[in-house]
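Engineer: Using the sequences and the hints, build the whole thing.
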Amino acid sequence: ETGVTQTPRHLVMGMTNKKSLKCEQHLGHNAMYWYKQSAKKPLELMFVYNFKEQTENNSVPSRFSPECPNSSHLFLHLHTLQPEDSALYLCASSQEGRLAGGGSETQYFGPGTRLLVL
Amino acid sequence: KQEVTQIPAALSVPEGENLVLNCSFTDSAIYNLQWFRQDPGKGLTSLLLIQSSQREQTSGRLNASLDKSSGRSTLYIAASQPGDSATYLCAVPDSGAGSYQLTFGKGTKLSVIP
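Chains A and B, in that order, are what the protein sequence lines are. To convert, note that position 79 of the first sequence is 79 in our numbering; the numbers rise steadily by one, no gaps. To convert, note that position 95 of the second sequence is 95 in our numbering; the numbers rise steadily by one, no gaps.
Source of the hints: derived by calculation from the structure; they are not laboratory data. Just so you know, even glycine gets a beta-carbon here, dropped at the ideal spot from N, CA and C. Among the hints, erroneous ones may be present.
As the list claims (entries may be wrong) - To spell it out: a stretch of chain B is covered by chain A in this simulated footprint if at least three of its residues, at any positions, have a beta carbon under 8 Å from a beta carbon of chain A; those stretches are:
(1) 31–41
(2) 44–52
(3) 100–108
Structural biologist: What follows is the structure, encoded as structure tokens:
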């Protein structure tokens, strides 16, 4: 596998369920990101991990819990979600988690997990 | 706080037409600007990245320009094809953040009619 992969691709869960989203990058990058994409809204950055350390948490509710066991894997643990949490959750990676490379830094995205909370 | 706006929100053109997508940003102190493509229900694919010192970048039928002083970028698509139908997003890094964060526009949904 190459690039950034995400599983599952689709997920339906009840408000009382606990589930996890998985992201894996095969690019040798050191930074990984979770984004949320809701209908008619811009992509919202949720979390940033740089060298396995969480460097950003953009006021995300505690019902979303990220985990980064190593630079290649990123999880998003979900519990007691609300229907408004239904969205496309995208994972991305980049070489570094800070602006570097003379402005040539870019992020590579996975295909996303389409989440529906009933 | 950086804000990114894309106009129009949706665009429908017949095959073969040349078209321009617009992106504007409020803070001109940007590090770079990227254009992404997103197919329905899929992730994002980077199309072009323009560094702050550059004025344009070209890739095949795509040409992106950057005018930092006016806070604008355009994506020009020549000889459009049905396969170009997708949502096009522009994004800039948040220079005020300690980590590499991208601020995205809402996108322009392009439909190319055969």
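Engineer: All hints are to be evaluated individually against the structure, with a verdict given for each.
Structural biologist: Now for the hints, and whether the structure bears them out:
1. 31–41: Coverage by chain A holds for the region 31–41 of chain B (5 residues, Cβ < 8 Å).
2. 44–52: Our answer is that it holds, as 6 residues pass the Cβ test (under 8 Å) against chain A, meeting three.
3. 100–108: holds (count 8)
Of the numbered hints listed earlier, not one is contradicted by the structure.
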